[in-house]
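Top line first, the protein sequences correspond to chains A and B. Under our numbering, the first residue of the first sequence carries the number 689, and numbering increases by one thereafter. Under our numbering, the first residue of the second sequence carries the number 689, and numbering increases by one thereafter.
Honestly, I wouldn't trust all of these hints.
Put simply, identical chains are the same to the list, so a pair is met inside one copy or across any two.
[Said to hold, decoys possible] Below, in silico cross-link-like pairs of lysine-lysine (BS3-like), each with a Cα-Cα straight-line distance of 30 Å or less:
#1 Lys-718 to Lys-882
#2 Lys-805 to Lys-731
#3 Lys-805 to Lys-735
#4 Lys-735 to Lys-938
#5 Lys-718 to Lys-758
Don't read these hints as lab results, they were simulated from the structure. None of the values given here were measured: they were computed from a predicted structure.
Number of protein chains: 2
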Amino acid sequence: MVKNRADGSEPQARLLDALRVPAGAVDLSKYDTRATTGFEGTKDDGKVALEQLGAEVSDWQERLFAEGRKGGDRSVLLVLQGMDTSGKGGVIRHGAGLMDPQGLRITSFKAPTPAEKRRGFLWRIRQALPGPGMIGIFDRSHYEDVLIARVRNLVAPPVWNRRYEQINEFEAELAASGITLLKCFLHISPEEQKERLAARLDDGTKHWKYNPGDIDERRHWPAYAEAYEAALEQCNGPAAPWFVIPSDRKWYRNWAVTTLLLETLRDLDPQWPAADFDVQAEKARLATT
Amino acid sequence: MVKNRADGSEPQARLLDALRVPAGAVDLSKYDTRATTGFEGTKDDGKVALEQLGAEVSDWQERLFAEGRKGGDRSVLLVLQGMDTSGKGGVIRHGAGLMDPQGLRITSFKAPTPAEKRRGFLWRIRQALPGPGMIGIFDRSHYEDVLIARVRNLVAPPVWNRRYEQINEFEAELAASGITLLKCFLHISPEEQKERLAARLDDGTKHWKYNPGDIDERRHWPAYAEAYEAALEQCNGPAAPWFVIPSDRKWYRNWAVTTLLLETLRDLDPQWPAADFDVQAEKARLATT
Numbered sequence: 689m690v691k692n693r694a695d696g697s698e699p700q701a702r703l704l705d706a707l708r709v710p711a712g713a714v715d716l717s718k719y720d721t722r723a724t725t726g727f728e729g730t731k732d733d734g735k736v737a738l739e740q741l742g743a744e745v746s747d748w749q750e751r752l753f754a755e756g757r758k759g760g761d762r763s764v765l766l767v768l769q770g771m772d773t774s775g776k777g778g779v780i781r782h783g784a785g786l787m788d789p790q791g792l793r794i795t796s797f798k799a800p801t802p803a804e805k806r807r808g809f810l811w812r813i814r815q816a817l818p819g820p821g822m823i824g825i826f827d828r829s830h831y832e833d834v835l836i837a838r839v840r841n842l843v844a845p846p847v848w849n850r851r852y853e854q855i856n857e858f859e860a861e862l863a864a865s866g867i868t869l870l871k872c873f874l875h876i877s878p879e880e881q882k883e884r885l886a887a888r889l890d891d892g893t894k895h896w897k898y899n900p901g902d903i904d905e906r907r908h909w910p911a912y913a914e915a916y917e918a919a920l921e922q923c924n925g926p927a928a929p930w931f932v933i934p935s936d937r938k939w940y941r942n943w944a945v946t947t948l949l950l951e952t953l954r955d956l957d958p959q960w961p962a963a964d965f966d967v968q969a970e971k972a973r974l975a976t977t
Numbered sequence: 689m690v691k692n693r694a695d696g697s698e699p700q701a702r703l704l705d706a707l708r709v710p711a712g713a714v715d716l717s718k719y720d721t722r723a724t725t726g727f728e729g730t731k732d733d734g735k736v737a738l739e740q741l742g743a744e745v746s747d748w749q750e751r752l753f754a755e756g757r758k759g760g761d762r763s764v765l766l767v768l769q770g771m772d773t774s775g776k777g778g779v780i781r782h783g784a785g786l787m788d789p790q791g792l793r794i795t796s797f798k799a800p801t802p803a804e805k806r807r808g809f810l811w812r813i814r815q816a817l818p819g820p821g822m823i824g825i826f827d828r829s830h831y832e833d834v835l836i837a838r839v840r841n842l843v844a845p846p847v848w849n850r851r852y853e854q855i856n857e858f859e860a861e862l863a864a865s866g867i868t869l870l871k872c873f874l875h876i877s878p879e880e881q882k883e884r885l886a887a888r889l890d891d892g893t894k895h896w897k898y899n900p901g902d903i904d905e906r907r908h909w910p911a912y913a914e915a916y917e918a919a920l921e922q923c924n925g926p927a928a929p930w931f932v933i934p935s936d937r938k939w940y941r942n943w944a945v946t947t948l949l950l951e952t953l954r955d956l957d958p959q960w961p962a963a964d965f966d967v968q969a970e971k972a973r974l975a976t977t
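Whole structure, please, built from the sequences with the hints as guidance.
Below is the structure:
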């Protein structure tokens, strides 16, 4: 793979290709959580490179938004999954934060309420889908229903087992309706999580982010890894691909997800809508006012 | 009033005081749309000064968000009103864009649908209110129901006439429920609007923003000015104040609204929530994992 330099001096390989999870069995232990795939440079270079994506990603975002306003039905949905402290919020703050917030629809999914549960696990997901021209971002998603639900036995095995196929049908439906899915698993090591949890405990301004339940979840790390592998393996169709983002380095994680989003927008290639009025006639009308 | 220098070298007067619409009759012709109240410096200085607000406004936003996560019920609602091209979208892009998009809830109100109309003009507004810890932003609002509704006779005069009091009751209810309102009228001159509409017509990447109906609305400028004056006069209680933002200079408008938001957050003074768990015990538990 061609390496991307921070100064953009070499042609860019597509990160979409480099981080795409290949079809077939998934073994997360073979993925290096400290890798900087597709990027050559230091942490500081990475931060600069992220900022430099801002102008282009904003431009594409506005084109997509404009298309949506003028009858287009396309949108993008970035799904962020990962263990506690893997940085879903950080990606949104630093990556999505480069874009115009008017074009973003961000939804953070917590444990479902009793009313949500009664409606089936996909109901609340459908409510949160991005409209035409929007970039939707899910901080957690319907995948929790085959992750924590499976690991912590929140439903019986036949129930979560059926969900992989239900998710595939659902995501195929989304793709057919014009939603381009970009599913990112923010992959950290258990050692990195331990450091991040310790840092939260050491910092009074971060105590609000800490939940004693995080340690309980942490004790189930191997079971979560297995559940993630199953999801990445079983729900990885061409229209709803998974990407594994090495996330022990926060700066790389932010750069990588934003780059994937940028490449996705480039592929969609939205164009400025043509005028649906007579430009000269409108200029003449304006002149008389 | 003390002027704020771009380099922050002098003590800041509160822009909240300087731009606040005083109680009593409102005459918009007395407000200079090109003023740079509270700011001393050039356009470039203004852009730099706006960027420099980013860190502090983000910090306050995160504190408010944290408070909301831990049981606090406070939030902020920025209401943006103004004639076409006055820059409601620009304020969101350049001002709100400095903040973490996770803490923002942005709603753009278009003409109400028939279903929305049947539910009363405040129904859809209530659906869009910010939750605890959030900063809500309305691009247009319930004020359209005493602006375009009044100017274009969309409802009978007794109907829109009743709405001022209904709005006052509604906004008092919001304030009592923990929502701090910040209502900004982006004030431009008709000459500036003409230039901006002409610029849209001259730029193919902006045609999607242009609507021939904008010129029809423009012909009603004096009636809109009157309707704005009525709204600013009649719905300007201490808990729901109006601010007039001189908006012919885009850089000043963005700086001013962001500064008002910053001062509002400073007044709320949200603090990092204290740990609701035993920090030492959690450190010990974490060490065993």
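Evaluation of the provided hints:
1. Lys-718 to Lys-882: within (20 Å within a copy, 61 Å between copies)
2. Lys-805 to Lys-731: neither (43 Å within a copy, 53 Å between copies)
3. Lys-805 to Lys-735: neither (41 Å within a copy, 48 Å between copies)
4. Lys-735 to Lys-938: Answer is both; intra-copy 10 Å and inter-copy 29 Å each pass.
5. Lys-718 to Lys-758: neither (45 Å within a copy, 39 Å between copies)
Checked against the numbered hints given earlier, the structure breaks hints 2, 3 and 5 and satisfies all the rest.
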